[in-house]
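Following the hints, put chain B in place on chain A, whose structure we already have.
Listed below are the residues making up each chain.
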Amino acid sequence: MRLLLVEDYAPLRESLAEGLAEAGFAVDSAAEGEEGLWYARSNDYDVIILDLMLPKVDGLTILKTLRQLGNPVHVLILTARDTLPDRVRGLDFGADDYLVKPFAFEELLARVRALIRRRYEVKNPLICIADLEIDTAARRVRRAGNTIKLTAREYALLEFLALRAGELVARTDIWEHVYDFHSTAQSNVVDVCIRRLRTKLEGPGLPPLIHTHRGQGYMLGGCV
Amino acid sequence: MSTAGVLSVAGIAIYVLVRASLWAEFDGAMADKARTMTAMVEQDEDDIELEFKEPVMSEFDRTERLEHYQIWRSSDQVLLRSPSLQTGDLPYWTGPLDTLVYREAILPNGRPGRLVSLTYRPQPGHEDERPQRTAVSPNAPITLIIGRETTALDRTLSRLRTLLVTVGVLAAALSAAVLRWTVYRGLSPLRALAGQIEEIDEQDLGVRLDVPRSMTELMPVVFRLNGLLERLDAAFARERAFTADAAHELRTPLAGLLSILEVTITRTRDIAAYQKAIGKCLSIARQMRTMVDNLLWLARLEAAPAPVERHAVCVEELLLECWEPLAVRASERQLHVTWQCRESTVLSTDRDKLRHVFVNVLENAVTYTNTGGQVTIESLSQNGAVLVRITNTGSELSQEEAEQAFARFWRGDSARKDTGQHYGLGLSLSQRIVALLGGSIQAESQAGGVFTIQLTLPDN
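From first to last, the protein sequence lines stand for chains A and B. Heads up: the first sequence at position 16 corresponds to 244 in this note's numbering, and the numbers run straight through without jumps. Heads up: the second sequence at position 249 corresponds to 294 in this note's numbering, and the numbers run straight through without jumps.
Note that these hints are calculated values from the structure, not bench results. Here the structure is a predicted model, which is why all the values come from computation and not from measurement. Hints may contain errors.
[Said to hold, decoys possible] List time: in silico DMTMM-like cross-link candidates among lysine to aspartate or glutamate, alpha-carbon distance up to 25 Å:
hint, chain 1, residue 1, chain 2, residue 2
1, B, Lys321, A, Glu250
2, A, Lys284, B, Asp290
3, B, Lys321, B, Glu408
4, A, Lys284, B, Glu489
5, B, Lys325, A, Glu334
6, B, Lys325, A, Glu335
7, A, Lys284, B, Glu369
8, B, Lys325, B, Glu369
9, A, Lys284, A, Glu250
10, A, Lys292, A, Glu250
11, B, Lys325, A, Glu246
12, A, Lys284, B, Glu448
13, A, Lys284, A, Asp325
14, B, Lys325, A, Asp324
15, B, Lys325, A, Asp325
16, A, Lys377, A, Glu260
17, B, Lys321, B, Asp278
18, B, Lys321, A, Glu262
19, A, Lys292, B, Asp290
Okay, chain A solo, but in the shape it has when bound (with noise of 0.2 Å):
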């Protein structure tokens, strides 16, 4: 899942962006308001993590400036400020949920965890895929009753597919919403990355589960 982060406090960017991409997002950071905008417009992101009080063009004006432009992407608010008439506004602008500094770095998480699945329309935190069964809250995969261990990007891989589970995913898809704006665009990344996926998935004996479509793109689960 692809995050933006619009944070100018250079300590808490930094270590926000390197957690979340511990945690296996694909994330994209900017200092100042403008920058961000730029960002937001740029790509398709899962959710928008947005300081207020910015440089150059503020988060509340961010945010406005990308519901005007008609772009539904999720937006979580992160600020100091905490009086009613703030968080009232904020949500009004057209954010999605609000958070305050400080806040858990856990409960950072299980927000953005829960806007993406608000973004997929999946309500259970548990998808089931045949025999497939995939925990986005604790990010724990397990096949027929085994556990299975994934990197950051094949968990993010598997994840996306799964909340687009029976639909047919583009490549290109894939490759905004699990890769950040640095990541090297080869072109057979995402491929590579697919296969490792499967050799860990599809053991000796299981049916397969990643169905290719050539020339457009993967699907999990359903018919062929």
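Just chain B now, with coordinates in the frame of chain A:
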């Protein structure tokens, strides 16, 4: 009270006037009667005759509003007395000849009365009847005393008194009631105003008091109160903004601190990663300490004027002392630092407070100078004051922004890149402290990004 006073004075005046005029009329009537009677009394030889028939002057013979007369030759010789007197006597006295003399006395019938005495020479009989006697000797003077009961007059006056007192008391009571009602009615806008004031609390200082335009007497008060509300509202708004800013400035680094620690602890890392995290946390904690210090200083200065403890302080030594911990950062940022200071300028001032100002100002210079830029620290004497000037390059502030730099939590937009690194409190606090020390502080932005902070410190 005053109404009652006015009423009593008016009542007394009316009473006195009416009484005087009634008495004058009464006396006038008696005088007329006396004069009339003198004309009617004739002397014949030694005999005195009254030339009228009793029924003509019936007032001397009735029982009500009785009048009496008595004529004396001398105190022991009564010539005539009215039938009304029967055998009684009126009191006898004489005044000067042909002069009316009044007196009050109890009449023989026991009732109070007023008497008039007139001593005169009676007319002789008709000339054609007794011409010779007139010529012989002038008549000896006789005294006529007329008495008249005053009961009726007294009763009239007493009625007048009662009437005046009753009317006065009623009028006073009525006017008091009317006054109370008028005052109550007149004060109703004031009560409405009090009600409006009572409803105001710190949450809605934005409201303004309102009274009808017709209450012109209240307008100046309402105007002033609204002015006060406006100032209070502004002060509260400033305080709220300050609290919100302070919250923001404290929460952001705290969020950074927590985030670094929480992310670091999610997994086992190598020592270098831990060291890096600890280093970052330490730097944030130090910044927060500065911020909290500044906040406390500001709060203390605002709560009560802090006492100034004056000692001999060498300005240049103090500047060097404050610079020392900043020197590392300055060299990291490759700043060129120039000192243009006098040997030693000793001021009598508060060392701790001045140090706080120097640290703030020097820290700003180190933070906001462009990398590889120039910082100049100067001190000079001018008109008995010491000027300390700290100039740095790389400023993006306009002169207008430079003047705003002393507002609490103000930061130039470019400075916002360093949320948490620099707090818009330093200059505001420095300004207050310098003012407390009797000096002043100015900020100036010149072309080419040269920013100067100038401190003027008086030598007390």
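Hints and how they fare:
1. B/Lys321 x A/Glu250: holds, 17 Å
2. A/Lys284 x B/Asp290: holds, 18 Å
3. B/Lys321 x B/Glu408: Satisfied, since the Cα-Cα distance of roughly 24 Å is no more than 25 Å.
4. A/Lys284 x B/Glu489: holds, 23 Å
5. B/Lys325 x A/Glu334: Between B/Lys325 and A/Glu334 the Cα gap is close to 20 Å, so the pair holds against 25 Å.
6. B/Lys325 x A/Glu335: holds, 22 Å
7. A/Lys284 x B/Glu369: With a Cα-Cα distance of about 35 Å, the restraint between A/Lys284 and B/Glu369 is violated, given a limit of 25 Å.
8. B/Lys325 x B/Glu369: holds, 22 Å
9. A/Lys284 x A/Glu250: violated, 30 Å
10. A/Lys292 x A/Glu250: violated, 30 Å
11. B/Lys325 x A/Glu246: Answer holds: B/Lys325 to A/Glu246 is near 14 Å, not above 25 Å.
12. A/Lys284 x B/Glu448: Cα-Cα ~21 Å, so holds.
13. A/Lys284 x A/Asp325: Distance ~23 Å between A/Lys284 and A/Asp325 Cα, so the pair holds.
14. B/Lys325 x A/Asp324: violated, 31 Å
15. B/Lys325 x A/Asp325: Status violated; Cα separation ~29 Å.
16. A/Lys377 x A/Glu260: violated, 37 Å
17. B/Lys321 x B/Asp278: violated, 47 Å
18. B/Lys321 x A/Glu262: At roughly 29 Å apart (the allowed maximum being 25 Å), A/Glu262 and B/Lys321 break the hint.
19. A/Lys292 x B/Asp290: holds, 23 Å
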